[in-house]
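Novice: Top to bottom, those sequences are chains C and Z.
One point on numbering: in the working numbering, the residue at position 177 of the first sequence is 177, and numbering is uninterrupted.
One point on numbering: in the working numbering, the residue at position 237 of the second sequence is 237, and numbering is uninterrupted.
Keep in mind that the hints are not guaranteed to be accurate.
Since the list gives no way to pick out one identical chain from another, each pair is judged satisfied if it fits inside one copy or across any two copies.
[Said to hold, decoys possible] As a list, the in silico DSSO-like pairs of lysine-lysine whose alpha-carbon atoms are at most 30 angstroms apart: (1) Lys278 - Lys2; (2) Lys216 - Lys45; (3) Lys45 - Lys148; (4) Lys252 - Lys216; (5) Lys43 - Lys410; (6) Lys338 - Lys211; (7) Lys406 - Lys29; (8) Lys406 - Lys343; (9) Lys278 - Lys394; (10) Lys276 - Lys329; (11) Lys148 - Lys387; (12) Lys394 - Lys45; (13) Lys252 - Lys2; (14) Lys20 - Lys211; (15) Lys211 - Lys343; (16) Lys6 - Lys387; (17) Lys276 - Lys43; (18) Lys210 - Lys20; (19) Lys329 - Lys45; (20) Lys216 - Lys319; (21) Lys210 - Lys387; (22) Lys6 - Lys406; (23) Lys81 - Lys329; (24) Lys45 - Lys406; (25) Lys406 - Lys210; (26) Lys148 - Lys278; (27) Lys43 - Lys394; (28) Lys319 - Lys406; (29) Lys406 - Lys394; (30) Lys29 - Lys216.
Bear in mind the hints are in silico, worked out from the structure with no lab data behind them.
Protein chains: 2
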Amino acid sequence: MKILIKDVLLNQSETDILIKDNIFYRIGKSEEPVEADLIINGKDKAILPPFYNLHCHAGMNILRGYVEDLPLFEWLQRIWKREAELTAEDIYNGTRLAILEMIKSGTVFFADMYWFHHSILKAVEEMGIRANIGVCLMDNLGQETLDKNFAFLNEYAHYGNPLITFAPAPHAIYTCSGVLYKRAFECAERNSMFMQTHLSETVSEVEDCKKQHSNKTPVEYLRDLGVLSERTIAAHCVHFNVNDAEIFAECKSVAVHNPCSNMKLSSGIFNMPLMKEKHCKIALGTDGCSSNNNLSMTEEMKFACLLAKVGFQSADALKAEEVFEIATKAGAEYYGIKAGEIKEGMFADCILVDLNNEKMQPNGNVIYNMVYSADSSCIDTLICNGKVLMEHHKVRNEEEIIERAKYYAKH
Amino acid sequence: MKILIKDVLLNQSETDILIKDNIFYRIGKSEEPVEADLIINGKDKAILPPFYNLHCHAGMNILRGYVEDLPLFEWLQRIWKREAELTAEDIYNGTRLAILEMIKSGTVFFADMYWFHHSILKAVEEMGIRANIGVCLMDNLGQETLDKNFAFLNEYAHYGNPLITFAPAPHAIYTCSGVLYKRAFECAERNSMFMQTHLSETVSEVEDCKKQHSNKTPVEYLRDLGVLSERTIAAHCVHFNVNDAEIFAECKSVAVHNPCSNMKLSSGIFNMPLMKEKHCKIALGTDGCSSNNNLSMTEEMKFACLLAKVGFQSADALKAEEVFEIATKAGAEYYGIKAGEIKEGMFADCILVDLNNEKMQPNGNVIYNMVYSADSSCIDTLICNGKVLMEHHKVRNEEEIIERAKYYAKH
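Isolated chain C, as found in the complex (with noise of 0.2 angstroms):
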């Protein structure tokens, strides 16, 4: 299969783009008549990587505006009574949901934490993007549902799609054990796989750590359990001291940035200047519907860097051209996929932007743009692993998507 892209505007001049199978062949003009099974018009049009979105949990689109503006604990109340009555059925309609919407909004990749992963590669499978769906653990599922997860892990470690990875995921420090956090690491190192985990989200989440274990930050905690390395995938990292962004950057550990749940769940600010010097990595997430409520990466690149500048007084504490490569190339790489630049040999993920949307005028800039001013309105085209998943901004399959999402309204 062969997909050939013309005149598309890649850094600031027209060119064209040979796909062939799942691989950015040739970018360049050529001069004799090149063969395709498709051809696809870039007139108008800026090729830039799609995003990665480090961490989500898909299944929860169905409860998009269940419950708002409530204090903390009493929203927990609510969201998790009625998470508790969800069905396997109910996550692959919200992982299908939310999949349409992230390809709609130029997202080619998750990593998931989530119940159901059985539903979830479901969907992920039928509508054709990448995911890393981590399994999620905590103590209270009991000894049963754990050694099952574990079988689980152990026997997709070699899924046959190269699209689909798998993770254990222990859920927080304040729901897992040390002993279930051990068992996870040793799952992901013997599989070669990441292990996903919340981490540092709350002040409370951190003064409760210290209180219980020997006054360490959870970062110093997890460090001595021996489960931080390049493998560990963790959200949020609000609360980092100097020391837990230096202890990070050493054990080369993904800290995932979700601005916008950390602002809406009142959580604190992600310390952006702080984990930039340590040289930590540093990749974004929406986090699910409820706490956000939707799955945009143009949307959290924005939230991002407006954080930052208000948080921490300074115009440059992050810039367009950063949180781009945050979570485009960077959230690809700390996963070990070879894609989120478009380079020949590289792997044919990519979005088209349509530069005759009203936000993308005037396009001088196509990066300020995205990130400042683009919103899903602006995505027509999304290729993931050389296969089109939407053109038109139209993805095949929307309408029955929808119709069963609605049904979610009443329940």
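Model the placement of chain Z on the given structure of chain C, informed by the hints.
Specialist: Coordinates of chain Z only, in the frame set by chain C:
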């Protein structure tokens, strides 16, 4: 002219809405057949009030992405240098681009403050939306230009187009003398106009004011000049203390919150809990494109809520219903426009929202989804004063406006 919107969702139930000329004439299903010049199918759409953007510099849309992420003073120098070159034609093109963007994201009114008011007026009239055109006043314009500006305001006080009003707009306390503020306020009173200004945007503005004016805050200083009343619409109002908020409430002056701008320029965090507690009049604005960089009021609502929640560590610091009212009904009311609610007898300003959009799923609560999830792709139709300005997300003439705007990418 009669427009019938059939089977549209209003407050959770389906109904028909008849617009006669520029008024919501009847809301409810009719037993008898209804004649209309235009019938709009409202199936799978919700009707909502549109947005009233209370602070904007529309012409700056042609400067979108011109320069970013520099320290404030360096950035301002670059912007000011470019602004000084702009012609009447540039402002016309920029304002048309801004209005196109506003219509596409559901906005029906904007309060503008910029130069070349004839260009702005021409753009507003052609595009057919509502505006309050603030004529920017600063001491350094010189006496002759100021006299001309006041003459223009007196002449256009009773302009024939009911959608358009004008306002003297003294720029800020650090660019306008007390004498100029008084002259502007007297002009507003004499002509039954509003007066726009910037106020308490940065810490240094407040500190400098105290030094120069016997320790008075900017609010106290303006109050003592006698220029605070319900005619006074002040943008930013970031650094209000308790006394400032009480003065604003007592004077019934309007504080326009611009969260994106305040975050992007590191100005600070608007004290939403204080302003709510003191029952201040609060409205919402996007500010100009250089400090935002778009004019989306849905995005601005989300930023307002999330900034208040993280800034004041409270999940209910600003609720979805509250910010939606601030962005719609409140803004209209403060400018004396009998609109902003879908009610019989009100001016027929409304949007139809596409309930089949992925960001609106599931749609248990349309306000929650509009505030926390929606983007411009959710806005299908916009009606301003009984005229359809957008249907199926298409605006008349948009290609031509975009073509003209493209020029500025290179200049």
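Novice: A separate judgement is required for each hint: does it hold in the structure or not?
Specialist: Against the structure, the hints come out as follows:
{"no.": "1", "hint": "Lys278 - Lys2", "result": "neither (43 angstroms within a copy, 64 angstroms between copies)"}
{"no.": "2", "hint": "Lys216 - Lys45", "result": "neither (51 angstroms within a copy, 53 angstroms between copies)"}
{"no.": "3", "hint": "Lys45 - Lys148", "result": "neither (48 angstroms within a copy, 45 angstroms between copies)"}
{"no.": "4", "hint": "Lys252 - Lys216", "result": "within (20 angstroms within a copy, 52 angstroms between copies)"}
{"no.": "5", "hint": "Lys43 - Lys410", "result": "between (44 angstroms within a copy, 18 angstroms between copies)"}
{"no.": "6", "hint": "Lys338 - Lys211", "result": "neither (42 angstroms within a copy, 58 angstroms between copies)"}
{"no.": "7", "hint": "Lys406 - Lys29", "result": "between (46 angstroms within a copy, 24 angstroms between copies)"}
{"no.": "8", "hint": "Lys406 - Lys343", "result": "between (40 angstroms within a copy, 28 angstroms between copies)"}
{"no.": "9", "hint": "Lys278 - Lys394", "result": "neither (42 angstroms within a copy, 48 angstroms between copies)"}
{"no.": "10", "hint": "Lys276 - Lys329", "result": "within (16 angstroms within a copy, 43 angstroms between copies)"}
{"no.": "11", "hint": "Lys148 - Lys387", "result": "neither (34 angstroms within a copy, 62 angstroms between copies)"}
{"no.": "12", "hint": "Lys394 - Lys45", "result": "both (16 angstroms within a copy, 19 angstroms between copies)"}
{"no.": "13", "hint": "Lys252 - Lys2", "result": "neither (38 angstroms within a copy, 66 angstroms between copies)"}
{"no.": "14", "hint": "Lys20 - Lys211", "result": "neither (56 angstroms within a copy, 68 angstroms between copies)"}
{"no.": "15", "hint": "Lys211 - Lys343", "result": "neither (50 angstroms within a copy, 57 angstroms between copies)"}
{"no.": "16", "hint": "Lys6 - Lys387", "result": "within (16 angstroms within a copy, 40 angstroms between copies)"}
{"no.": "17", "hint": "Lys276 - Lys43", "result": "neither (37 angstroms within a copy, 50 angstroms between copies)"}
{"no.": "18", "hint": "Lys210 - Lys20", "result": "neither (54 angstroms within a copy, 67 angstroms between copies)"}
{"no.": "19", "hint": "Lys329 - Lys45", "result": "within (20 angstroms within a copy, 38 angstroms between copies)"}
{"no.": "20", "hint": "Lys216 - Lys319", "result": "neither (33 angstroms within a copy, 36 angstroms between copies)"}
{"no.": "21", "hint": "Lys210 - Lys387", "result": "neither (49 angstroms within a copy, 62 angstroms between copies)"}
{"no.": "22", "hint": "Lys6 - Lys406", "result": "between (38 angstroms within a copy, 21 angstroms between copies)"}
{"no.": "23", "hint": "Lys81 - Lys329", "result": "neither (38 angstroms within a copy, 35 angstroms between copies)"}
{"no.": "24", "hint": "Lys45 - Lys406", "result": "between (33 angstroms within a copy, 13 angstroms between copies)"}
{"no.": "25", "hint": "Lys406 - Lys210", "result": "neither (45 angstroms within a copy, 56 angstroms between copies)"}
{"no.": "26", "hint": "Lys148 - Lys278", "result": "neither (39 angstroms within a copy, 57 angstroms between copies)"}
{"no.": "27", "hint": "Lys43 - Lys394", "result": "both (18 angstroms within a copy, 21 angstroms between copies)"}
{"no.": "28", "hint": "Lys319 - Lys406", "result": "between (38 angstroms within a copy, 24 angstroms between copies)"}
{"no.": "29", "hint": "Lys406 - Lys394", "result": "both (19 angstroms within a copy, 26 angstroms between copies)"}
{"no.": "30", "hint": "Lys29 - Lys216", "result": "neither (58 angstroms within a copy, 66 angstroms between copies)"}
Checked against the numbered hints above, the structure violates hints 1, 2, 3, 6, 9, 11, 13, 14, 15, 17, 18, 20, 21, 23, 25, 26 and 30; every other hint is satisfied.
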